[in-house]
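Modelling step: build the complete structure from the supplied sequences, incorporating the hints.
So the protein lines, in turn, are chains A and B.
So that you can map any letter, position 152 of the first sequence is 152 in the UniProt record's numbering, and since no number is skipped, the others follow by simple counting.
So that you can map any letter, position 28 of the second sequence is 28 in the UniProt record's numbering, and since no number is skipped, the others follow by simple counting.
These aren't lab readings, by the way, just hints derived from the structure by calculation.
It is possible that part of the hints are untrue.
As the list claims (entries may be wrong) - Partner residues are not named here, just some residues of chain A that face chain B (Cβ under 10 Å, in silico): (1) W281; (2) V289; (3) T307.
Glycine is no exception: its CB is placed at the ideal position from the N, C-alpha and C atoms.
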Amino acid sequence: MMMRNDSHNRAEEYQTGTDLSDMRQGAVSSVERSANQPSKRAAKDRENVALGRGFAVVLRLIWKRGEGKFALTVMTSWVAISLISLFWTPQSLWKTDGYQVWAKPSATQWLGTDGIGADVFSWLMAGARTDLFIAVASVIFAGILGVLLISIMVSRNSALSNGSVVAVDALISIPTILIALILAVPMGASVMVVVLACGIGYGLNLARVARPEALLAANSDYVGSALSYGASGFSVMLHHILPNVMPTVMVQLSLSAGTAVLAESGLTYLGIGVPSGVPSWGHSLATSVKLIDVYPLSALWPGLIVTIVAVALNIFGDVLRDTTDPSSNPELRRS
Amino acid sequence: MRFIVRRFLLFVAALFVISVVIFAALRILPGDAPSVMAGLNAPPERVAMLRSQMGLDRPLAVQYSSWIDGLLHGDFGISLLTGRPIGSMVAARCSVTFPLIVLGLIVAIAIGLTFGVMAVLTTRPALRSGFHLLGLIGGAIPALWGGLLLILLFGRGTGLLGVLPSQGFPETGWDSFRTAFASLVLPALTVGVISGASLMRYTRSALGDIMHSGYIDQAMACGYTRRAAALKVGLRLTMPQLVSVVGLMFASMITGVMVVENLFALPGIGTGLVTDLGNRDLIAVQSELFMLAAFFLFIGFLVDLLHRFLDPRLRYAVQERA
Numbered sequence: 001m002m003m004r005n006d007s008h009n010r011a012e013e014y015q016t017g018t019d020l021s022d023m024r025q026g027a028v029s030s031v032e033r034s035a036n037q038p039s040k041r042a043a044k045d046r047e048n049v050a051l052g053r054g055f056a057v058v059l060r061l062i063w064k065r066g067e068g069k070f071a072l073t074v075m076t077s078w079v080a081i082s083l084i085s086l087f088w089t090p091q092s093l094w095k096t097d098g099y100q101v102w103a104k105p106s107a108t109q110w111l112g113t114d115g116i117g118a119d120v121f122s123w124l125m126a127g128a129r130t131d132l133f134i135a136v137a138s139v140i141f142a143g144i145l146g147v148l149l150i151s152i153m154v155s156r157n158s159a160l161s162n163g164s165v166v167a168v169d170a171l172i173s174i175p176t177i178l179i180a181l182i183l184a185v186p187m188g189a190s191v192m193v194v195v196l197a198c199g200i201g202y203g204l205n206l207a208r209v210a211r212p213e214a215l216l217a218a219n220s221d222y223v224g225s226a227l228s229y230g231a232s233g234f235s236v237m238l239h240h241i242l243p244n245v246m247p248t249v250m251v252q253l254s255l256s257a258g259t260a261v262l263a264e265s266g267l268t269y270l271g272i273g274v275p276s277g278v279p280s281w282g283h284s285l286a287t288s289v290k291l292i293d294v295y296p297l298s299a300l301w302p303g304l305i306v307t308i309v310a311v312a313l314n315i316f317g318d319v320l321r322d323t324t325d326p327s328s329n330p331e332l333r334r335s
Numbered sequence: 001m002r003f004i005v006r007r008f009l010l011f012v013a014a015l016f017v018i019s020v021v022i023f024a025a026l027r028i029l030p031g032d033a034p035s036v037m038a039g040l041n042a043p044p045e046r047v048a049m050l051r052s053q054m055g056l057d058r059p060l061a062v063q064y065s066s067w068i069d070g071l072l073h074g075d076f077g078i079s080l081l082t083g084r085p086i087g088s089m090v091a092a093r094c095s096v097t098f099p100l101i102v103l104g105l106i107v108a109i110a111i112g113l114t115f116g117v118m119a120v121l122t123t124r125p126a127l128r129s130g131f132h133l134l135g136l137i138g139g140a141i142p143a144l145w146g147g148l149l150l151i152l153l154f155g156r157g158t159g160l161l162g163v164l165p166s167q168g169f170p171e172t173g174w175d176s177f178r179t180a181f182a183s184l185v186l187p188a189l190t191v192g193v194i195s196g197a198s199l200m201r202y203t204r205s206a207l208g209d210i211m212h213s214g215y216i217d218q219a220m221a222c223g224y225t226r227r228a229a230a231l232k233v234g235l236r237l238t239m240p241q242l243v244s245v246v247g248l249m250f251a252s253m254i255t256g257v258m259v260v261e262n263l264f265a266l267p268g269i270g271t272g273l274v275t276d277l278g279n280r281d282l283i284a285v286q287s288e289l290f291m292l293a294a295f296f297l298f299i300g301f302l303v304d305l306l307h308r309f310l311d312p313r314l315r316y317a318v319q320e321r322a
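See the structure below:
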């Protein structure tokens with residue numbers, strides 16, 4: 001009896017971290033879904049329809065939840081502000097005024113000015129686009145690397161798959177910042193250092209998290225029968241294995257996006273991230289940190305923004321995990 | 001046993017690959033390292049001297065093998081800037097960073113385990129969502145900003161409460177134990193709270209799963225209360241998973257540690273590495289990066305062994321297959 005009650009409560013709670021049992025359930029039911037596909041062409045059509053519909057359904061489901069609304073709102077405003085900042089900011093980024101340093105918020109300077117008299121609000125707006133680029137680029141890079149690694153990990157060449165598994169297991173303990181430091185030696189401080197370091201680190205992580213599901217799909221009967229029909233390894237990977245790991249990959253990537261924004265602020269502060277002169281939230285935070293003794297509140301805004309965005313991306317990942325799990329969401333099941 | 005040997009060989013292989021990567025990264029530097037280091041108007045003799053001092057005039061293979069040979073004999077090279085042996089420089093820095101990491105880990109484990117278990121055991125929905133929110137926000141705070149808030153709150157001089165030192169580390173090091181310890185409290189809290197929040201999320205998720213398993217039903221059928229079953233049976237079962245997470249947390253914590261060291265002006269590994277990198281003290285950077293990488297690979301190796309040791313199910317599964 002007790003247990004029933006608990007599982008009722010649990011349905012309302014979002015699972016964070018690695019949740020193997022749920023993942024397995026999800027994979028099994030997607031196995032069932034793709035098991036009865038008659039011909040390749042028809043299967044593909046249906047897949048596309050399902051994907052298109054699935055995407056809208058997922059977005060609607062996320063929006064239905066209170067915290068999902070928060071996450072989507074923050075993410076949409078982030079993109080919107082980044083786009084606007086390309087054409088317009090309240091003050092020019094390069095308009096500085098030596099007599100107006102550390103000015104208090106006013107009608108023209110909404111959040112005051114920084115140490116060289118530049119408008120804080122405008123720099124934060126422009127910082128949004130750099131951080132957006134870093135988050136998107138590192139997630140894309142991590143996605144490509146992760147999917148490549150997963151493909152190698154489940155490949156039929158046992159030397160290749162065993163080798164990649166142990167390599168990932170060993171390299172996973174190297175922190176992102178160390179990768180960034182190694183890259184920063186030849187490259188200097190640049191946006192690409194952040195993107196590459198985050199991409200490599202999160203790509204390895206992705207491969208490790210998604211491997212169990214990929215293996216489950218690779219060992220399934222439908223993959224066996226596809227191979228026996230003469231399908232190439234590549235096409236099996238594309239049509240049968242990848243669709244199974246996609247939900248996990250998407251969840252993991254949206255969590256990584258939040259971490260990338262956090263990493264940017266840390267790396268930029270250490271002088272190996274975004275170079276000075278390029279607007280970013282880490283840059284705004286790092287420049288105001290130097291004078292906290294005198295102007296303690298100036299560091300408040302960039303830190304607050306980074307925290308809110310990171311929270312939103314984490315929530316998005318969590319809610320996405322809940323909504324894309326077909327075992328908990330009847331709306332996603334194809335009848 | 002076979003597992004240990006195989007995992008150790010892997011550790012050595014990874015170490016070798018990393019050493020090559022670090023070595024290569026320092027050799028594809030744009031521009032000529034010695035002339036950059038010597039400065040703009042340096043006479044050519046000085047550049048040539050630096051070059052031979054760094055050993056850059058020798059072939060790459062010789063440079064690499066002499067570096068590795070030194071490492072194996074505990075000779076990490078001599079800093080080009082200070083002329084001091086890098087080994088002793090790093091040792092001095094470790095005496096700051098290592099206690100900081102350990103303190104941070106203690107804080108993280110205390111916060112993460114306590115709150116994680118409480119989040120699972122509580123039956124009040126308000127508390128549940130409170131813990132959920134805490135885990136989300138705690139894990140999303142940039143270390144830099146978190147440290148800043150703590151300084152503003154507790155820091156001596158600027159803070160509201162002004163009780164703890166927020167800058168620097170005593171010159172005399174651990175000889176003046178009280179000051180040294182006090183200067184590590186705020187940094188350790190910063191990294192500890194942030195890592196603690198993510199540990200709490202893992203604990204809650206892992207323990208939450210176990211609570212629905214047959215193990216707990218069995219324990220409760222034997223007369224344990226739900227709380228006792230969670231603490232005595234549930235925690236033991238989540239242990240292997242949590243050890244892995246704590247091990248990986250080491251890796252994620254070092255980012256926070258480096259930032260926090262710079263923020264609190266602590267003369268640790270992070271501060272040192274950033275300074276050396278800024279000064280283009282390449283020999284020092286090369287050895288320091290390698291030592292850090294070796295440390296993390298070793299942690300990964302240890303965590304895998306511990307995991308195997310703590311989870312008998314894994315051991316038997318392997319024996320059956322072998």
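Out of the numbered hints, which ones does the structure contradict? none
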